[in-house]
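As you go down the protein sequences, you meet chains A and B in turn. So in our numbering the end of the first sequence lands on 66, straight run, no missing numbers. So in our numbering the end of the second sequence lands on 471, straight run, no missing numbers.
Just so you know, the hints here were simulated from the structure itself, not pulled from any lab data. The C-beta atom is built at its ideal place from N, Cα and C for all residues, glycine as well. Do not rely on the hints blindly, as some may be mistaken.
Said to hold, decoys possible - Partial list, computed: chain A residues near chain B (C-beta under 10 Å): (1) Gly37; (2) Asn43; (3) Arg47.
Claimed, not checked - Listed below are the simulated BS3-like cross-link pairs for lysine-lysine, each with C-alpha atoms no more than 27 Å apart in a straight line: (4) A:Lys48 to B:Lys366; (5) B:Lys366 to B:Lys402; (6) A:Lys48 to B:Lys373; (7) B:Lys277 to B:Lys288; (8) B:Lys402 to B:Lys277; (9) B:Lys373 to B:Lys288.
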Amino acid sequence: MKSDDPVTRETVERLCALADLPLAPERRARLVPMLSGLIAAANELNRKMAAAAYRSILPILRFPER
Amino acid sequence: MAQGNLLDLTIIEAAAQLEGRRLSPVELTEAMLQRIASVDKQIRAYITVCDAQAREVARAAERMIQAGYYLGPLHGIPVALKDNIYTRDVRTTAGSKILADFVPAEDATVAARLKRAGAIIIGKTNMHEFAWGGTTDNPHHGTCRNPWNPERFPAGSSGGSGAAVAARTCLGALGTDTGGSIRLPSSVNGIVGIRPTIGRVSNYNVVPLAWTMDTVSPMTRTVEDCVVMFEIIAGYDPFDDHSAQVPLADYRAELARPVRGLRVGLIRDYSLSHLQKAVGDAVRGALKTLEGLGAQVEEIAMPSIHGNISAQLTIESCEPSAYHQEWLRTRAADYGEDVRTLLESGEMYLATHYIQAQRYRSLLRKEFLEGFKRVDVFVTPTLPFTATPCGATEVVIEGNRKEDMLSAIMQFTGVPSLAGLPALSLPVGFDPDGLPVGMQVIGRPFDEGLLFGVGHAYQRVTDWHTRSPRL
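Next comes chain A alone, as it looks inside the complex (with noise of 0.2 Å):
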């Protein structure tokens, strides 16, 4: 694990907890390095629609009939 990887094994335990989602100490351990992974990708991914150029992008949850 790198210093600066966005999960850790507290931060997975601490959002099972959030999620009321009850996991084995080997699950979450399991968890962390995919997870920083993924989580990371979605955190750069967070901040480029986060810009100022793009405030005015709606998210789709239902495509237009066009």
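Following the hints, complete the assembly by docking chain B onto the known chain A.
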């Protein structure tokens, strides 16, 4: 007719013989059931074979056709359905242990429409558990294998449908596609598959993976056959809240659309980047063929194309985890290890991650719609590599660098899924090991007809789709 010849018939060819009463639905169904019996122990494309029901329906079809009641080109044609599509009185497992004994009381809309057209449901196909994965390495119903080389994977999640069509155990199949689950197995099994525009084909009574990205559609050996199935299942369905009230095209007429003057777009630094060499060679060859037919190829910049994999993984993580929330707390041990881990991880995202991913889809779609002012279709490979060994979780695309399979496999197919665009995969060659390569053609919203026209024009001058795996 000899059984070998029957197995090689396309839907169009078989339909002509059935209509002319030179072939019986019973004879055709028996040939398929025998083929399943002889090859499916190895391939594991089916979870359930509906042999008794298929024989009964085939006999009824035979009587109807003999009496002059021919319903059309699917009447008497044996087809298979992915096992997340509800079939009345036939168990629908979604490839899971959790739904192992689930027998729906009604059909999915697509199943009902196929039945009304006279199709014979010969079986329910193997799939990645709950469609959440791209390998069809199924811990509950067996590892599905690629008919071109049973040591290799059939991709997924509709791997069983892809392998069943390629192995000549049915004439066509339905799959479901969220981030690539029809196009990926179509590519590695050397067949045709289309992801429709979201809303074009009903998702009613189909076990969901990710509600905002899920679609259902056919997988066949030829583009013409794909049209025969598509025109039956497409169209508005009042039972599906996401169904679109957009008029259908005359898809068979669209097959004759000329390619001359077609403008084909390549996305700069993306369409032909980060690929295995054989994949790039085959797709470049297909582009040359289209140019020979009069198409013009040009590069288009799409600044936001990178970021697609993260957006897809975020949405495909969060939405399934919402659907599976109760089972993950009450029946966690009944999931396969890979799906269980993905479902657990999907609960760890923040709401802002999910919403920004959905906003990214809007941005990507805007860039595509802008690009469609300059070109008629975009082309990419369907996936950047050919079939990997069964059980592999990593893949080498360039150099010696191993990449995570789940991210690598969605390099190209995730983009139209996110942007809500239709995309056709069709076979365009083979690698030096004899494994098929597929090309993806992406179209404007609701313009599936043009994709069929381009694909059919290509298949008229090439023979990749006529080759059979040796089983």
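* Asked: So which of the earlier hints does this model not fit?
  -> Hint 5 alone not satisfied by this model.
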